[in-house]
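Colleague: Listed below, chain by chain, are the residues.
Number of protein chains: 2
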Amino acid sequence: MTGTTLDDYTDRYAQRMRGMTASEIRALFAVTARPEVVSLAGGAPFVAALPLDAVGEMMAKLGGEQGATTLQYSGGQGDLALRERICEVMALSGIDASTGASPDDVVVTVGGQQALDLVSRVFLDPGDVVLAEGPSYVGALGVFQAAQADVVHVPIDDDGLIPAALAEALETVARAGKRAKFLYTVPNYHNPGGVTLSSERRDEILAIAERARLLVIEDDPYGLLGFSGEPMPALRARHRDGVLYVSTFSKTFAPGLRVGWVLAPHAVREKLVIASEAQILCPSMFAQTAIATYFATMPWKEQVKTFRQIYQERRDALLSALTEQMPAGTRWTRPDGGFYVWLTLPDGLHSKEMLPRAIAARVAYVPGTGFYADGTGGSHLRLSYCFPTPERIREGVRRLAGVIEKETLVRAEFGTAAAPAPSRVTWTHATHLGPAAGQAPAPGLE
Amino acid sequence: MTGTTLDDYTDRYAQRMRGMTASEIRALFAVTARPEVVSLAGGAPFVAALPLDAVGEMMAKLGGEQGATTLQYSGGQGDLALRERICEVMALSGIDASTGASPDDVVVTVGGQQALDLVSRVFLDPGDVVLAEGPSYVGALGVFQAAQADVVHVPIDDDGLIPAALAEALETVARAGKRAKFLYTVPNYHNPGGVTLSSERRDEILAIAERARLLVIEDDPYGLLGFSGEPMPALRARHRDGVLYVSTFSKTFAPGLRVGWVLAPHAVREKLVIASEAQILCPSMFAQTAIATYFATMPWKEQVKTFRQIYQERRDALLSALTEQMPAGTRWTRPDGGFYVWLTLPDGLHSKEMLPRAIAARVAYVPGTGFYADGTGGSHLRLSYCFPTPERIREGVRRLAGVIEKETLVRAEFGTAAAPAPSRVTWTHATHLGPAAGQAPAPGLE
Numbered sequence: 005m006t007g008t009t010l011d012d013y014t015d016r017y018a019q020r021m022r023g024m025t026a027s028e029i030r031a032l033f034a035v036t037a038r039p040e041v042v043s044l045a046g047g048a049p050f051v052a053a054l055p056l057d058a059v060g061e062m063m064a065k066l067g068g069e070q071g072a073t074t075l076q077y078s079g080g081q082g083d084l085a086l087r088e089r090i091c092e093v094m095a096l097s098g099i100d101a102s103t104g105a106s107p108d109d110v111v112v113t114v115g116g117q118q119a120l121d122l123v124s125r126v127f128l129d130p131g132d133v134v135l136a137e138g139p140s141y142v143g144a145l146g147v148f149q150a151a152q153a154d155v156v157h158v159p160i161d162d163d164g165l166i167p168a169a170l171a172e173a174l175e176t177v178a179r180a181g182k183r184a185k186f187l188y189t190v191p192n193y194h195n196p197g198g199v200t201l202s203s204e205r206r207d208e209i210l211a212i213a214e215r216a217r218l219l220v221i222e223d224d225p226y227g228l229l230g231f232s233g234e235p236m237p238a239l240r241a242r243h244r245d246g247v248l249y250v251s252t253f254s255k256t257f258a259p260g261l262r263v264g265w266v267l268a269p270h271a272v273r274e275k276l277v278i279a280s281e282a283q284i285l286c287p288s289m290f291a292q293t294a295i296a297t298y299f300a301t302m303p304w305k306e307q308v309k310t311f312r313q314i315y316q317e318r319r320d321a322l323l324s325a326l327t328e329q330m331p332a333g334t335r336w337t338r339p340d341g342g343f344y345v346w347l348t349l350p351d352g353l354h355s356k357e358m359l360p361r362a363i364a365a366r367v368a369y370v371p372g373t374g375f376y377a378d379g380t381g382g383s384h385l386r387l388s389y390c391f392p393t394p395e396r397i398r399e400g401v402r403r404l405a406g407v408i409e410k411e412t413l414v415r416a417e418f419g420t421a422a423a424p425a426p427s428r429v430t431w432t433h434a435t436h437l438g439p440a441a442g443q444a445p446a447p448g449l450e
Numbered sequence: 005m006t007g008t009t010l011d012d013y014t015d016r017y018a019q020r021m022r023g024m025t026a027s028e029i030r031a032l033f034a035v036t037a038r039p040e041v042v043s044l045a046g047g048a049p050f051v052a053a054l055p056l057d058a059v060g061e062m063m064a065k066l067g068g069e070q071g072a073t074t075l076q077y078s079g080g081q082g083d084l085a086l087r088e089r090i091c092e093v094m095a096l097s098g099i100d101a102s103t104g105a106s107p108d109d110v111v112v113t114v115g116g117q118q119a120l121d122l123v124s125r126v127f128l129d130p131g132d133v134v135l136a137e138g139p140s141y142v143g144a145l146g147v148f149q150a151a152q153a154d155v156v157h158v159p160i161d162d163d164g165l166i167p168a169a170l171a172e173a174l175e176t177v178a179r180a181g182k183r184a185k186f187l188y189t190v191p192n193y194h195n196p197g198g199v200t201l202s203s204e205r206r207d208e209i210l211a212i213a214e215r216a217r218l219l220v221i222e223d224d225p226y227g228l229l230g231f232s233g234e235p236m237p238a239l240r241a242r243h244r245d246g247v248l249y250v251s252t253f254s255k256t257f258a259p260g261l262r263v264g265w266v267l268a269p270h271a272v273r274e275k276l277v278i279a280s281e282a283q284i285l286c287p288s289m290f291a292q293t294a295i296a297t298y299f300a301t302m303p304w305k306e307q308v309k310t311f312r313q314i315y316q317e318r319r320d321a322l323l324s325a326l327t328e329q330m331p332a333g334t335r336w337t338r339p340d341g342g343f344y345v346w347l348t349l350p351d352g353l354h355s356k357e358m359l360p361r362a363i364a365a366r367v368a369y370v371p372g373t374g375f376y377a378d379g380t381g382g383s384h385l386r387l388s389y390c391f392p393t394p395e396r397i398r399e400g401v402r403r404l405a406g407v408i409e410k411e412t413l414v415r416a417e418f419g420t421a422a423a424p425a426p427s428r429v430t431w432t433h434a435t436h437l438g439p440a441a442g443q444a445p446a447p448g449l450e
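Sequence lines, in order, name chains E and W. Note that our numbering numbers the first sequence so that position 124 is 128, with each residue one more than the last. Note that our numbering numbers the second sequence so that position 417 is 421, with each residue one more than the last.
Since the hints were made in silico from the structure, they are not lab data. Quick caveat, the model's predicted, so the values are computed rather than measured. Where is the CB? At the ideal position from N, CA and C, for every residue including glycine. A portion of the hints provided could be inaccurate.
[As the list claims (entries may be wrong)] Here's a subset of chain E near chain W, in silico, CB distances under 10 Å, partners left out:
#, residue
1, D12
2, Y13
3, D15
4, R20
5, L54
6, C91
7, V93
8, L96
9, G115
10, Q118
11, K182
12, K185
13, A279
14, F299
15, T348
[Stated by the list, open to error] Listed below are several chain E residues computed to face chain W (Cβ distance under 10 Å; list not exhaustive):
#, residue
16, A18
17, M24
18, V51
19, V59
20, M62
21, G68
22, I166
23, A169
24, A171
25, E281
26, P350
[Claimed, not checked] Dumping the calculated DSBU-like pairs for lysine-lysine here, alpha-carbon to alpha-carbon at most 30 Å:
#, chain 1, residue 1, chain 2, residue 2
27, E, K309, W, K309
28, W, K65, W, K305
29, W, K305, E, K65
30, W, K65, E, K305
31, E, K65, E, K305
32, E, K65, W, K65
33, E, K65, E, K309
34, E, K65, W, K309
35, W, K65, W, K309
The following block holds chain E by itself, in its conformation from the complex (with noise of 0.2 Å):
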């Protein structure tokens, strides 16, 4: 049956479909996954310094031995040996029973996303407001996009969030007759930012949250890797009701299995699990079992060490290059975690123009746009050292260098930059983008 009267959907929609469209920078970014483009702007964990053989011996039993139970459906909330497990992880960060911290509060998700979605699904109305660090994860702000929130950004410095801008923003949001629902923020290396919240900022932003009756979602993918000294203890840590603490296990162990978590107050938890039974019907027991076995029986805390080691290293060799090869006018942060570094671009450039020719010249980094809900950040980039070797690292860096070069004399020169922009090329996330990145994640952010 051809030629029906149904080929055109788009008065069918639902109304948050309107601001979620692809984005043409997607094809651009098909190209860096070709060996001879140097790709800084993926997000892919170095899961090859895992000890693959063991893991498949693992996976061997889990799918032979066990596999009548990781094969079958299991419970919406997430199974309990992974749960506890879960627990002590948290602990690390200082969120533990004594805080109240229960394997009964945690909820297993499918990554950090689920987490992020489903609290937005058991919160957010449309035209609700949502405070987010501006930049912020790019993943995020596609969920309060889907969730029709409006984002509100909060202006970071080197320790994190600034307390009093945050202050303000609440105040204007209320002077606005809205109301703000929570603050979503990255405290520990962030994304993209790669600054950490310091410890007295973190007791500060919780009393102004507790002021407010704000409730705050503390995202915290990169909490174990940071490259000095212990763990900061947790803003849940510090808060026992007002926090909903998300993480991960991608980046302590692998993205692949998809798994993550919410630690929530039990009276949302109960909440988020409906949401989420709505929504997936239960999290994978084969992922699961894997991640708790994993984390049960094999030495995940030196594997940690080791991840650090190799990001510390990758962390170093991006600094030093940025520093030998940056022409003047470029600022960066200095992250002591985490995978990324936050560039600001010598004035009069713009990050998202010069990706076609950044490209072109064989490099690939992240457009600032993408982190802001307003489409500002064009002065910024974000850079990531997670995945390439320190010798890809430094060669990207001096073709970057030399894009930049020329895009400020060419500037200098015309004062434009170098070529128009393409007139609808728009940027959507590219975040994990790694060594496949025609076949990685773009939420469809612009």
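With chain E held as given, fit chain W onto it using these hints.
Modeller: Chain W only, in chain E's frame:
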């Protein structure tokens, strides 16, 4: 920091959460996990029949040799190798290249549940009408409730959805000034009805839908699990543009990896990918590779034949036990595939009110009220024959017949049910309740 003012969240939940509450009947169902209870409630496939040793060997390679890929992020649409296998599976139901099916229009999801949720996100605004069979799959009703849609049930008989009733429902909705966004239907071996839509009716339903510009969401988890003959051509095989086809590997392989899919017209597929990225970033690459490998290298069609034989034997056991044991006035459907029998109680009995007494008699079923958005359906219940052995099925029916007989007698004597129902027992989903019922998913549908 204790004794905060932030322990009550009721004034901050999103409106969609109002109807989504946990059911007290969950506690009852936890009891069905006890070995002494025969559960005819669960929809858990009999995964122990899989060649688990071979699956284990396959998993070892996926986690070991291929770990650097399978444990990494992947694309939001899903892995191409898996989407190709999905097209081979769909071809068995007549959905092939000649009807425009292509791997490019497939989106891989976290089980069929996420597929239904994505479709709802893309199409449903609050207040939109969804047409669905009455009774309908409880997990789908949970999705539509979360989308704040109004479900209008269309009755079924032994040949499935009744075309005249669909036309009438469309008129009623139009007269009310409402808009039906889509018809949700399970044409093959209906859950919970057990019936299959006849070939003639398939064409009639599609003609009605096309005239009304009504999208059809065809949910087909059981299509390859028929007990006689080849699968009937799917609705999607007969109509290229107006049908979105949803299915899952949960019944042809196993549910524990949580992999399903949706095949959609190209423009819609793009929206689904964007919505999925905002929800889960990407599906598990490990799970996708496992299923793609299983379907590419192992005798999966033979395995499906094994499943069919097991389920047919159990269906036979259930039907013959019902014929032998059930008191007069009890009726039931005779499924030619799938997992479920839909039973109608003698006049005056109520399946939800009777459930506590059935569980006391060590047999469990799903009350019919779970399969109607409006809470009707109390004169029906769903029996599953997929998981228990034939012997256990016969014992379960014997116990259930005793409960119904006693209930009928007491009702004849006192004009009411045997005991007052707990005042606020409300029903929620236990579709997949199987051997580990305390762990089983239970979408929050009242």
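Colleague: Determine for every hint whether it applies to the structure shown.
Modeller: Now for the hints, and whether the structure bears them out:
Hint status for D12 of chain E relative to chain W: holds, with the closest Cβ pair at about 8 Å, below 10 Å. A least Cβ separation of about 6 Å between Y13 of chain E and chain W falls short of the 10 Å threshold, and the interface hint therefore holds. Annotation: D15 of chain E was flagged as interfacial toward chain W, and the flag holds, the nearest CB pair being 9 Å apart, inside 10 Å. At about 7 Å, the closest approach between the beta carbon of R20 of chain E and any beta carbon in chain W falls short of 10 Å, and the interface hint on this residue holds.
For L54 of chain E, the shortest C-beta to C-beta distance to chain W is roughly 6 Å, which falls under 10 Å, so the interface hint holds. Because the closest C-beta pair between C91 of chain E and chain W is about 18 Å apart, greater than 10 Å, the hint is violated. Annotation: interface hint on V93 of chain E violated; nearest CB of chain W at approximately 18 Å, more than 10 Å. Because the closest C-beta pair between L96 of chain E and chain W is about 20 Å apart, greater than 10 Å, the hint is violated.
For the restraint placing G115 of chain E at the interface with chain W, the shortest Cβ-Cβ distance is roughly 6 Å, inside the 10 Å limit, so the hint holds. With a least beta-carbon distance of about 5 Å to chain W, the hint placing Q118 of chain E at the interface is held under the 10 Å criterion. Among the interface hints, the one on K182 of chain E is violated; its C-beta lies about 14 Å from the nearest C-beta in chain W, farther than the 10 Å criterion. Checking K185 of chain E against chain W by beta carbon gives a least distance of about 6 Å; that is within 10 Å, so the hint holds.
The beta carbon of A279 of chain E comes within 7 Å of a beta carbon in chain W, closer than 10 Å, and the hint placing it at the interface holds. Of the supplied interface hints, the one on F299 of chain E is violated, with its beta-carbon coming no nearer than about 15 Å to a beta-carbon of chain W, more than 10 Å. Restraint check, T348 of chain E versus chain W: the minimum CB separation of about 27 Å is more than 10 Å; hint violated. For A18 of chain E, the interface hint holds, since its Cβ comes within 10 Å of a Cβ in chain W; the closest pair sits about 5 Å apart.
About 5 Å separates the beta-carbon of M24 of chain E from the nearest beta-carbon of chain W, less than 10 Å, and the hint is met. Because the beta carbon of V51 of chain E sits about 5 Å from the nearest beta carbon in chain W, less than 10 Å, this interface hint is met. Look at V59 of chain E: its Cβ gets to within about 5 Å of chain W, closer than 10 Å, so that hint holds up. With a cut of 10 Å, the hint placing M62 of chain E at the interface with chain W holds, because the nearest CB-to-CB distance is about 7 Å.
Using the Cβ-Cβ criterion of 10 Å, the hint placing G68 of chain E at the interface with chain W is satisfied: the shortest such distance is roughly 2 Å. Of the supplied interface hints, the one on I166 of chain E is violated, with its beta-carbon coming no nearer than about 22 Å to a beta-carbon of chain W, more than 10 Å. Proximity of A169 of chain E to chain W is violated relative to the hint, the smallest CB-CB distance being about 22 Å (cut-off 10 Å). Of the supplied interface hints, the one on A171 of chain E is violated, with its beta-carbon coming no nearer than about 17 Å to a beta-carbon of chain W, more than 10 Å.
Hint status for E281 of chain E relative to chain W: holds, with the closest Cβ pair at about 4 Å, below 10 Å. Using the Cβ-Cβ criterion of 10 Å, the hint placing P350 of chain E at the interface with chain W is not satisfied: the shortest such distance is roughly 32 Å. Note on K309 of chain E and K309 of chain W: the hinted pairing is violated, with a Cα-Cα distance of about 49 Å set against a maximum of 30 Å. Pair hint K65 of chain W plus K305 of chain W holds up; C-alpha atoms about 22 Å apart against a cutoff of 30 Å.
With a CA separation close to 24 Å, the supplied pair K305 of chain W and K65 of chain E stays within the 30 Å bound. Distance check on the hinted pair: K65 of chain W and K305 of chain E sit about 24 Å apart at the alpha-carbon level, within 30 Å; holds. A distance of roughly 22 Å separates the Cα atoms of K65 of chain E and K305 of chain E; the hinted pair therefore holds under the 30 Å criterion. A threshold of 30 Å between alpha carbons decides the hint, and for K65 of chain E with K65 of chain W the separation of about 12 Å falls inside it, so the pair holds.
The suggested pairing of K65 of chain E with K309 of chain E holds, with an alpha-carbon distance near 26 Å, which does not exceed 30 Å. For the hint linking K65 of chain E to K309 of chain W, the alpha-carbon distance of about 26 Å falls within 30 Å, and the restraint holds. For the hint linking K65 of chain W to K309 of chain W, the alpha-carbon distance of about 26 Å falls within 30 Å, and the restraint holds.
Violated hints, in rising order: 6, 7, 8, 11, 14, 15, 22, 23, 24, 26, 27; the structure is consistent with all others.
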